[in-house]
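*Asks:* Quick note, the sequences are listed as chains Z and F, same order. Residues 53 to 165 in my numbering are what the first sequence spells out, letter by letter. Residues 424 to 535 in my numbering are what the second sequence spells out, letter by letter.
Because the hints were derived from the structure by calculation, they are not lab data. Honestly, I wouldn't trust all of these hints.
Stated by the list, open to error - So the derived list for chain F, only partly shown, Cβ under 7 Å to chain Z, looks like this:
#1 465
#2 466
#3 487
#4 523
What the hints assert, rightly or not - Quick list of in silico lysine-lysine cross-link-like pairs, BS3-like style, CA-CA up to 25 Å:
#5 Z:92 / F:461
#6 Z:89 / F:445
#7 Z:109 / Z:162
#8 Z:162 / F:445
#9 F:464 / Z:152
Claimed, not checked - With beta-carbon atoms standing in for the labels, derived distance ranges:
#10 F:440 / Z:162: 33 to 39 Å
#11 Z:132 / F:488: 42 to 48 Å
#12 Z:134 / F:463: 19 to 25 Å
Values in this document were obtained by computation on a predicted structure and should not be read as measured data. Ideal Cβ positions, reconstructed from N, Cα and C, are used throughout, including at glycine.
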Amino acid sequence: EDKVVQSPLSLVVHEGDTVTLNCSYEVTNFRSLLWYKQEKKAPTFLFMLTSSGIEKKSGRLSSILDKKELFSILNITATQTGDSAIYLCAVERDTSGTYKYIFGTGTRLKVLA
Amino acid sequence: DTEVTQTPKHLVMGMTNKKSLKCEQHMGHRAMYWYKQKAKKPPELMFVYSYEKLSINESVPSRFSPECPNSSLLNLHLHALQPEDSALYLCASSQASGYGYTFGSGTRLTVV
Chain Z
53 EDKVVQSPLS LVVHEGDTVT LNCSYEVTNF RSLLWYKQEK KAPTFLFMLT
103 SSGIEKKSGR LSSILDKKEL FSILNITATQ TGDSAIYLCA VERDTSGTYK
153 YIFGTGTRLK VLA
Chain F
424 DTEVTQTPKH LVMGMTNKKS LKCEQHMGHR AMYWYKQKAK KPPELMFVYS
474 YEKLSINESV PSRFSPECPN SSLLNLHLHA LQPEDSALYL CASSQASGYG
524 YTFGSGTRLT VV
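Extracted from the complex, chain F is given alone in its bound form:
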């Protein structure tokens, strides 16, 4: 299995909703990442997990809450989002430094 699987592929949520994005990989990668990508912009790093521990938080608002329950799973919990949070959310994993990322296909989130 050489894929990173993200679910759901599309999500529409209201500003008072609570939802979660899920990311799964079975390649034994020990680093996992959440990126946010707005239209026509490059991906922006949000969080890095290394060996299931949060190692980088790029000053992301607390309405985004990451969780890494085990080495294969990465979640992003969403609560009280704003319309400007609408974007493509990409999960990625890497074996180690310098091996490059494998990206998931992303979740396209719309906040209404």
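This is chain Z alone, in the form it adopts within the complex:
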């Protein structure tokens, strides 16, 4: 059965801290892994990863994928209160020519001022 597991489930840090969020997966016919940030409503796209070892960066956020060990990490440096959100990892798999995403349980991040 396909599985996407995120850790930790929740995290409380202070502004300025660096956090690392983990996503491990067991998915057949893997195609890509995505990170989303969800605040009050719809998830917003952060990164898409398809190749191992290539870091994607956007400002204070970065992410990398390891397809051999089947995991990805999302790093946030110099955290701010606006980073407080649920961070979702989703893995795309090929289902007989149709692609679907399987979401992890999410990591709830709270950044204190």
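Could you slot chain F onto chain Z? The hints should help.
*Replies:* Same frame as chain Z, but now just chain F:
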């Protein structure tokens, strides 16, 4: 236009009502999705439409009936729902495999 628009934003319905959720995108995306999200849980896939044809139904009860009238529109018809169906219903679209989703802002449904 880079948005997925969902209406209504909020819906309260009785268990005998019939209602519809609507999702619209004008980005030329050919895959559209319905997800259900309960509080503090990740989104769960319900349906996938690819090129206006239903390609995945994740064993969703028949009281949820999707419809894709054209490449820009996706509806979810609701009938005889249960209180446990109360959730945030998210629509998403994607250009193709590996491009990631664009999500709508969701419809928060309450069944009373």
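*Asks:* All hints are to be evaluated individually against the structure, with a verdict given for each.
*Replies:* Against the structure, the hints:
1. Restraint check, residue 465 (chain F) versus chain Z: the minimum CB separation of about 4 Å is within 7 Å; hint holds.
2. Because the smallest distance between the Cβ of residue 466 (chain F) and any Cβ of chain Z comes to about 5 Å, under 7 Å, the interface hint for this residue holds.
3. For residue 487 (chain F), the shortest C-beta to C-beta distance to chain Z is roughly 17 Å, which exceeds 7 Å, and the interface hint is violated.
4. Because the closest C-beta pair between residue 523 (chain F) and chain Z is about 5 Å apart, less than 7 Å, the hint holds.
5. This hinted pair checks out: residue 92 (chain Z) and residue 461 (chain F) have alpha carbons roughly 13 Å apart, not beyond 25 Å.
6. For a cut-off of 25 Å, the pair hint linking residue 89 (chain Z) to residue 445 (chain F) stands: about 24 Å separates their Cα positions.
7. Restraint check: the Cα-Cα separation between residue 109 (chain Z) and residue 162 (chain Z) comes to about 21 Å, which is no more than 25 Å; the hinted pair holds.
8. Restraint check: the Cα-Cα separation between residue 162 (chain Z) and residue 445 (chain F) comes to about 33 Å, which exceeds 25 Å; the hinted pair is violated.
9. Restraint check for residue 464 (chain F) and residue 152 (chain Z): satisfied, since their Cα atoms lie roughly 18 Å apart, inside the 25 Å limit.
10. Against the hinted window of 33 to 39 Å, the Cβ-Cβ separation of residue 440 (chain F) and residue 162 (chain Z) comes to about 38 Å, which satisfies the hint.
11. For the pair residue 132 (chain Z) and residue 488 (chain F), the beta carbons lie near 43 Å from each other, so the given range of 42 to 48 Å is met.
12. A beta carbon spacing of about 21 Å between residue 134 (chain Z) and residue 463 (chain F) agrees with the range 19 to 25 Å that was offered as a hint.
Hints 3 and 8 from the list above are not met by this structure, while the remaining hints are.
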